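**Q** As a plain string of letters, each chain reads:
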Amino acid sequence: MTRQRAVTLTRLAWLLGAIAVLEALCRSGMISPLSLIPPSEMAVALGGMLWSGEMTADMIQTFSTVAIALTLSIVIGLVLGVAVHALPRLSRGLDPLLASYYSIPTFVFYPLFVAIFGLNTIPLIVLGMAFGVPAMMMSTMNGLDRIPRVLLRTAKAHHLGRIRTVALIVLPCAVPYLFTGVKLALAYAFIGIIAGEFILASGGLGHAIAYAYDGFDSRTMYALMLFVLGLVTALNMTLHAWEGRLMRRRIGHD
Amino acid sequence: MIEAPEHHARRGSALDAMVTVVVLLALWQGVYGYVGDAAIAPPLTAVQHLAAMLATASFWDHIMATLTAFAGALALAAVLGTLLGLVFGIRRFAGDVAEPVLAGLYSVPKVTLYPMILLMFGLGMGAKVAFGLIHGVIPITLFTLSAVKAINPVLLRTARALRLSQFETIRTVLAPAVLPEMVTGLRVGFSLTLLGVLIGEMFASQKGLGFLIVNGLSLHNVKQTTAVILMVVLLAIAANGSLLWLDRRLVHRGE
Chain A
925 MTRQRAVTLT
935 RLAWLLGAIA
945 VLEALCRSGM
955 ISPLSLIPPS
965 EMAVALGGML
975 WSGEMTADMI
985 QTFSTVAIAL
995 TLSIVIGLVL
1005 GVAVHALPRL
1015 SRGLDPLLAS
1025 YYSIPTFVFY
1035 PLFVAIFGLN
1045 TIPLIVLGMA
1055 FGVPAMMMST
1065 MNGLDRIPRV
1075 LLRTAKAHHL
1085 GRIRTVALIV
1095 LPCAVPYLFT
1105 GVKLALAYAF
1115 IGIIAGEFIL
1125 ASGGLGHAIA
1135 YAYDGFDSRT
1145 MYALMLFVLG
1155 LVTALNMTLH
1165 AWEGRLMRRR
1175 IGHD
Chain B
56 MIEAPEHHAR
66 RGSALDAMVT
76 VVVLLALWQG
86 VYGYVGDAAI
96 APPLTAVQHL
106 AAMLATASFW
116 DHIMATLTAF
126 AGALALAAVL
136 GTLLGLVFGI
146 RRFAGDVAEP
156 VLAGLYSVPK
166 VTLYPMILLM
176 FGLGMGAKVA
186 FGLIHGVIPI
196 TLFTLSAVKA
206 INPVLLRTAR
216 ALRLSQFETI
226 RTVLAPAVLP
236 EMVTGLRVGF
246 SLTLLGVLIG
256 EMFASQKGLG
266 FLIVNGLSLH
276 NVKQTTAVIL
286 MVVLLAIAAN
296 GSLLWLDRRL
306 VHRGE
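Line by line, the protein sequences are chains A and B. So the first sequence is residues 925 to 1178, counted in our numbering. So the second sequence is residues 56 to 310, counted in our numbering.
Rather than coming from a laboratory, the hints here were simulated on the basis of the structure. Here the structure is a predicted model, which is why all the values come from computation and not from measurement. Any given hint might turn out to be false.
[What the hints assert, rightly or not] Among the chain A residues that face chain B by a calculated CB cut under 10 Å, a handful are:
hint: 1; residue: Thr-932
hint: 2; residue: Val-1032
hint: 3; residue: Leu-1076
hint: 4; residue: Lys-1080
hint: 5; residue: Leu-1084
hint: 6; residue: Tyr-1112
hint: 7; residue: Glu-1121
All residues carry an ideal CB built from backbone N, CA and C; glycine is no exception.
Generate coordinates for the entire structure from the input sequences, incorporating the hints supplied.
**A** Written out as structure tokens, the structure reads:
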């Protein structure tokens, strides 16, 4: 436990030290203010923007797009995962597709999506789902694979119905794996949607960053970057901690 | 004796791959039939247009621009990622300190950092390489790190008992033990590096395949966009396929 604490403290010290060095380099003029502004100024600018409400519309747009993409990824991935898991021949057939799918830079399809759906949130949602759906699908299949046979046989011996088997055995066993899928789907949704907004969109946080870059407004740009990176990091850390708890509980049950 | 089922399995997977390709082509043609000429070119037209573009010198300039940036970024990511992974894997404390930070950076939308990189490196090759590098280096580091951590401690103790020098330990024990995982890390790093380079080209560039895709969209040149996307996908699949093949060979050798 003390080692754990030492690790955490060292990590914190390194991060704070890095920020302090960056701050010093910017303040002393070693790094030109044209390319990077001091971290403290980023934070001040961000506070001002949050307070004045000028980024609220972009925040709402990005978050609602992410929420839609995440929900769709979870539902579609879950359904596909269960369906493919039930059909072993199909899952073997999908192997070559899945093996090369992840190597394809999906973003190159984004202009195509824009041409097909128009310049609105639909292409962004599709982009956000492009990696989320397979991630959720694979996690679902993974979770279903790990259910101990013994438990399913016990369910049969107790004459549990299909719904009760799912509710009492399948779900509790698979939940940690499903959660991993949700975590990945969220990260991919954020990455895809903000990248899409960044390249070509009419609104959203990614678009606001690109817009500020084009207008040489580096205070706004760095404040927005700080916001996006900080928010996504905080979300990921929360989910990661939660996942750790679920996994530990699961191991405890075994 | 073992040949037969192996051969059979390979034929089965070749058939699966063929069925997958046919289904995807049918899907593509179906989307074309639904949305029409204004949004996407049909498979045959895209292939013909790609062939025509491949015959021009300027298209090769764009391909080379992308490939040069990609190769540079990947080489840097591989060297840096492997070194960092080895250091963090051997020094457990440093590894425990760094791993969550790296994992956090891995799942953050790094696109937002691109303007900063542009401000630092200016428009051009340097920014593309740097952007590809920050995408690719993290997974390579993480995979190498976990491979080193997972090494059977008996192997390292044996190396110590045999009084191998640090260099000899790395060469004869560490490197062979982590090689398969490193190839996997390289595969993930490879696709993310390519992604980084292409996003960089799509956002702000005058050259490269990513530029051609966005350029085709703004000129309403649907054939160009579709053909270049096809080219990128084929490139990615070919490279991934060869790394997978390498992966399988190394893993089999290890067993």
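**Q** Decide, hint by hint, whether the structure agrees.
**A** Going down the list of hints, with the structure as the test:
1. Thr-932: holds, 9 Å
2. Val-1032: holds, 5 Å
3. Leu-1076: violated, 28 Å
4. Lys-1080: violated, 32 Å
5. Leu-1084: violated, 36 Å
6. Tyr-1112: Holds - the Cβ of Tyr-1112 of chain A comes within 10 Å of chain B, reaching about 8 Å at its closest.
7. Glu-1121: Hint holds; Glu-1121 of chain A Cβ to chain B Cβ min 9 Å, cut 10 Å.
Consistency with the previously given hints fails for numbers 3, 4 and 5, ordered from lowest to highest.
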